[in-house]
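Engineer: From the two separate chains plus the hints, produce the assembled complex.
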Amino acid sequence: MIYLLAGNPNVGKSTFFNFMTQSHVHVGNYSGVTVEKRVHHVKHYEGANLVDLPGTYNVSPSSQDEGIVTYSLLNESYNGVVNIIDSTHLRRNLHLTVQLLELGVPSMLVFNLKDALKNNGYVIDIDKVKDRLKVNAISISARDRQNEDQKQIASEMQNLRITKALELDYDPIIKWGLQRIHDLLRYDVIQVKKKWLALQILEGNEGTFKFLDLVKEEKIREVVKEVEDRIIEAKVAFSLKGAIFNTRREFINNLVEECLIKVEEKEHSKYFNQKIDRIITHPKFGIPIFFIIMLAIYQVSFGTFLGVGNFLTTYFEIGWNDYLVYYLGQALEFLGLTGFMYGLLIDGIMGGIGGILVFLPQIIVLFFMLAVLEGTGYMARVAIVMDRFLSKFGFNGKSIVPIITGFGCTVPAIMATRTIADKKERILTILTIPFISCSARLPIYGIFTSLFFDEYRAIIILGLYLLGIMVTLLSAKFLNLTYFRGSGSKFLLEVPPYRIPQLRTITYQALEKAKRFVKKAGTFILVGSMILWLLSNIGMDGININPEESFLSNIAGFIAPIFNPLGFGDWQATSSLISGVLAKEVVVSSLNILYVGDIAAGFTTLSALTYIVFASLYVPCIATIATIKSETGSLKWTVFSVIYPFVIAYLVALSVNLIFGIFL
Amino acid sequence: MNITDLNKKEVAKIISLSDIDKLFTKRLMDLGIYESATVVMLNKLSSNRLYIIEVDDVEICLRKEDAEKIEVKK
Ligand SMILES: Nc1nc2c(ncn2[C@@H]2O[C@H](COP(=O)(O)OP(=O)(O)O)[C@@H](O)[C@H]2O)c(=O)[nH]1
Ligand SMILES: [Mg+2]
Numbered sequence: 001m002i003y004l005l006a007g008n009p010n011v012g013k014s015t016f017f018n019f020m021t022q023s024h025v026h027v028g029n030y031s032g033v034t035v036e037k038r039v040h041h042v043k044h045y046e047g048a049n050l051v052d053l054p055g056t057y058n059v060s061p062s063s064q065d066e067g068i069v070t071y072s073l074l075n076e077s078y079n080g081v082v083n084i085i086d087s088t089h090l091r092r093n094l095h096l097t098v099q100l101l102e103l104g105v106p107s108m109l110v111f112n113l114k115d116a117l118k119n120n121g122y123v124i125d126i127d128k129v130k131d132r133l134k135v136n137a138i139s140i141s142a143r144d145r146q147n148e149d150q151k152q153i154a155s156e157m158q159n160l161r162i163t164k165a166l167e168l169d170y171d172p173i174i175k176w177g178l179q180r181i182h183d184l185l186r187y188d189v190i191q192v193k194k195k196w197l198a199l200q201i202l203e204g205n206e207g208t209f210k211f212l213d214l215v216k217e218e219k220i221r222e223v224v225k226e227v228e229d230r231i232i233e234a235k236v237a238f239s240l241k242g243a244i245f246n247t248r249r250e251f252i253n254n255l256v257e258e259c260l261i262k263v264e265e266k267e268h269s270k271y272f273n274q275k276i277d278r279i280i281t282h283p284k285f286g287i288p289i290f291f292i293i294m295l296a297i298y299q300v301s302f303g304t305f306l307g308v309g310n311f312l313t314t315y316f317e318i319g320w321n322d323y324l325v326y327y328l329g330q331a332l333e334f335l336g337l338t339g340f341m342y343g344l345l346i347d348g349i350m351g352g353i354g355g356i357l358v359f360l361p362q363i364i365v366l367f368f369m370l371a372v373l374e375g376t377g378y379m380a381r382v383a384i385v386m387d388r389f390l391s392k393f394g395f396n397g398k399s400i401v402p403i404i405t406g407f408g409c410t411v412p413a414i415m416a417t418r419t420i421a422d423k424k425e426r427i428l429t430i431l432t433i434p435f436i437s438c439s440a441r442l443p444i445y446g447i448f449t450s451l452f453f454d455e456y457r458a459i460i461i462l463g464l465y466l467l468g469i470m471v472t473l474l475s476a477k478f479l480n481l482t483y484f485r486g487s488g489s490k491f492l493l494e495v496p497p498y499r500i501p502q503l504r505t506i507t508y509q510a511l512e513k514a515k516r517f518v519k520k521a522g523t524f525i526l527v528g529s530m531i532l533w534l535l536s537n538i539g540m541d542g543i544n545i546n547p548e549e550s551f552l553s554n555i556a557g558f559i560a561p562i563f564n565p566l567g568f569g570d571w572q573a574t575s576s577l578i579s580g581v582l583a584k585e586v587v588v589s590s591l592n593i594l595y596v597g598d599i600a601a602g603f604t605t606l607s608a609l610t611y612i613v614f615a616s617l618y619v620p621c622i623a624t625i626a627t628i629k630s631e632t633g634s635l636k637w638t639v640f641s642v643i644y645p646f647v648i649a650y651l652v653a654l655s656v657n658l659i660f661g662i663f664l
Numbered sequence: 001m002n003i004t005d006l007n008k009k010e011v012a013k014i015i016s017l018s019d020i021d022k023l024f025t026k027r028l029m030d031l032g033i034y035e036s037a038t039v040v041m042l043n044k045l046s047s048n049r050l051y052i053i054e055v056d057d058v059e060i061c062l063r064k065e066d067a068e069k070i071e072v073k074k
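Chains as they are written, first to last, in this note's numbering: chain D, 1 to 664; chain X, 1 to 74.
Some hints here could point you the wrong way.
Straight-line Cα separation of at most 35 angstroms, DSBU-like style, residue types lysine-lysine; simulated pairs [stated by the list, open to error]:
(1) 175/D to 9/X
(2) 69/X to 128/D
(3) 74/X to 275/D
(4) 74/X to 262/D
(5) 44/X to 520/D
(6) 262/D to 134/D
(7) 392/D to 13/X
(8) 22/X to 266/D
(9) 22/X to 424/D
Treat the hints as calculated values from the structure; they're not laboratory data.
Only chain X is shown next, with the shape it has when bound in the complex (with noise of 0.2 angstroms):
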């Protein structure tokens, strides 16, 4: 599953990080999101375009297409 696939107040915790480019995965960590980072999915904007995560107390928000490529675990 990936993290789009949690529903709110879901806690998960990331596996990984398949098919994002190097630049954006640098960004990513760059807030903390990489594997085994513990994720919760705060809230889901935009008719469900956009994911607010929680990753190590920040707040970030996502767009469907990339958090899509996130695999997570519960």
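Bound conformation, chain D alone (with noise of 0.2 angstroms):
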């Protein structure tokens, strides 16, 4: 059995999703965070899977994450759909739920907020509701996770009344092309309703055409393109999709009239967030802000002053060397093993991996921080306050919500543009978001700050993150001015309330990014400190070499003159560069096991900085590099993402070699 999730962004579907299937897909307060759907099992409901969508306003798409759940309407088979509606924005909302009643197939709306609707002043009247749609129905909220309401939903679920199809009265007009193109369709073998079809190719419904090979869609398009014509010539309204928008809203209209109930008079929370955002968008003081609550988090995680982050990698790190290791080494000395698989096994796995983990810590500080700063609904103001400024730069205002996914992993990021509509821009954003500082590269930024700029650590990560803000935003404006030309930006932003965030759902997100973390550290990191050690461990002349003499140094100080002008071509540089193309986070390994341990000998303050520089721009990791394949399907852009990087990283390295060089 499957169940379809459908609803709008941002109304807590992935919440729902979660509560119902005990899972932890991602939760934020704002829209497009769901860009994949997802399957998993329903609690008390033995064989049936829920299938949690991406968000969308309609059935018919504007962009390709909407697709989505056109696509999964009209082509997968399903049991039902289960709509999940924002009771505190019923008139928006039921837009989509009409479209699905049309539909007519077994469905369940689930109104949620039910608190959020309370805290209003108001309450649905549940039973009105299912005596005016004919369908099945609930009030909740998802996010308390109420067991009764988990196993009612989940028994009404088993017994989904089969819907007749609503019918709405719409303009003789449309009913008249409606039945013209319902002939038309008689050739064609469809799973829904061939009136529910005729309704949304009327609507403009393109998915349709594309996801359907119709016979007659020629003589279709015509009969759409007349009623078009005379529903504006007999000034029914402006367009053929704005009519059946007005009859939809008249009927949603009247029915929200007879099922909302006020039971209480309250000051509507608008004005309460009017007063916080005329303070946080503030024209002068909004950029500011934003930069003083960055500032604030990055100090928590990584400065000494009030570091918890740092506080606790201090121990961590005391923990893994004084004990983990020296016991490891201990008990590999006693078992006679020492000379080349002691050196593996504590110089290369654990020196390699434990480079890396000690950043754990302060990762997942950093991870709850900005959980928190998402779940209450910021995000959306710092889009709000950035506009002006992203605008400038060509980007759509779209692209914020890919850019605040991209300082998490860039892989997300970048399925994350699938919520923009128009192509050039999407591919815009895909092709510069790898600039913006991911969290893999944040232990290159921690080992190169403690051990060089140690009371500026907060300041000069901030400042590497501001760096690739700014490279990002340049190269957005400098492929505008080139290559994408002329693609407006267009701004239009829902803005979310304010939400107090849950800790169950913060918690659990940064501990989702420490989870990931490890895992990374355990497969991509272990095979590649391994590799690295061995091949730095092996020459010509065997093992037990030299390291002077290993394959490692010879290839890699091939190619280390290349970087003499930045100030760090030696070969274990290089190496640890071309390694942390597997997963940045194995540049620190790679250092950790070249120069055993002992990284700051290999640099000089001047070279450290623009070593950090060059490796926080330069290729990006081949996870990222496999997304932008299969994300623009185009070979020509996944080569340039390779290149122009590296270009960009290398001019921006000399150029701070340069400036820097006069100080330091």
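Structural biologist: Here it is as structure tokens:
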């Protein structure tokens, strides 16, 4: 049994999904968080699977992620649709509901955010809704995870009424068009009701043509054109879509008037929002406030003053080096394992992984705080504050979500660009996002700042982040002026209400990031460290050689001179950068292995600075490159995404070397 | 008059959307911004470059150049 989960963006679909299936997909208080569909089985309902779809306002798609929803409804087999509705925004949410009910498949309406609605002083008369729409319905707070709610939903899902398709009283011209199209569809075999499809076609749902190969497509398009002309001529509305929309809105308004009941007079939370918003999005102070918040977050994660992350890392480091590695070393010696094997295990594997794992506490602290920020709804305000800025560089307003996601990991960030409808703008965003510093680059900043710039850690790390943002913006501008000329950017943002984030969700999100980090340490970094240690300890003359004669030294030493102008042209630094393409964390593991724990000896203050600058911008990791390939479907752009950052990183690092060479 | 002419907390009805491309009209409509919808001006931000309006209980942020194309009547 398969049930599709449909609903507008940011209404709690993922929260509901997690609640019903006991899983943990990402929840965030802004639109566009889920761009792929996910499947999981429903608790208390043997054999049933729930599919979490991306949010959509409409059955007809305006971007790729919304296309997934149309596709699923048209082509996939399912036993029912569960429609999640934000009870505090009924008038907008119900447009999708109406379209789903017009489809006439077994459905269930879940009116979510009951708690927030109650805070506004309202309740929904569920019995009336059921009666008016002839459909199963329930009012809940998915976030509160009530056991009874879950049981009731699971049991109702098993007995969904086969609904009679909802029929609204559209304008006679539209009804005439529906009949004509319905006739033209008689040659097609389609799983959905043809009447519904006809209406979707009239509405301009291009997905119907894209996903179904209709026999009379030409003729159908002609009818649509004719109906549209007649609607405009008869002054029913400004467009055909508008005429349909208006009929639905009228229906919805009546429904809401009947079913939404005021129980208490409350001052609307909007005015509360406005006061905070005026400060947070202030034209002068908005951006400084954002930077102060970010600086505070980085200070707590990496700084020494108030540095929770740093404090935890110190203890973690002691535990790792003085206990785990120490006793492991003792054990190996006891077993008589010395020399080559001892080196591989202790210096290679433990050194490589340890160099990365010490950053785990800092990463957890950082992501915990970012998750809090995300959960409150502040990120949407950041989009507002940054809009003027972003638009100057040719970014689409919707690019902000991928950009913010990019601070975590570039791969999901690139996938999040699916919400951008315009193809050119989407590729532009994909190509520039890898410059945003992802969390994998943090260990590189961490290690170098702690060795060379201890007092200025938070500032330098924030500076590297700002550099990444600047390069992203300037690259967008550059691409916009050259190749992507004239893709005008639009901005339209739904402002979510402020919400108090749930500790449970936030903790989970931070731990999820930590889990990924540890997993990467156990796989990519483990293998990378092993290979690197082996290559640096084996040479033409066999094993146990002077590293200067190793294979690695010979290969990397050949390339290294190109980094001489940047100040770090030795084979160790070069090999680390090469291996970093595997995963950015590997840079640190490699440095630890190749400089045998003493990275400070390999760099000067200046070359350390140019090195982190270069490492923050150069070639993306393999996973990113593969994602760019699959998302753009273009070899040309994939190659570009490898070469372009290398050139940029080189130029920026060179400038840093020249400029700071004066002071340092 | 268009949306940008409204003062804070003023309410008006949308009468037309002129000169907006099809794709963007669709996105506006997705959020409920269409003729005969009621709008409330909630806030003007960024030195009157951005407008926060309310349509059907939803708060939406628009740029000035787009807001200017939405004709309203009080
Ligand atoms: N107050 C309240 N907030 C909720 C409820 N369900 C979800 N949320 C919040 O709504 C926001 C959007 O949730 P999410 O599941 O990511 O929505 P999606 O975009 O539809 O998947 C998050 O900030 C949630 O914490 C609820 O029942 N009550
Ligand atoms: Mg979601």
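Engineer: Compare the structure with each hint and give your call.
Structural biologist: Structure-based check of all given hints:
1. 175/D to 9/X: violated (39 angstroms)
2. 69/X to 128/D: Distance ~39 angstroms between residue 69/X and residue 128/D Cα, so the pair is violated.
3. 74/X to 275/D: holds (25 angstroms)
4. 74/X to 262/D: holds (27 angstroms)
5. 44/X to 520/D: violated (46 angstroms)
6. 262/D to 134/D: Cα-Cα ~23 angstroms, so holds.
7. 392/D to 13/X: holds (32 angstroms)
8. 22/X to 266/D: violated (39 angstroms)
9. 22/X to 424/D: This hinted pair holds, its Cα atoms lying about 17 angstroms apart.
When each numbered hint is compared with the structure, violations occur for hints 1, 2, 5 and 8.
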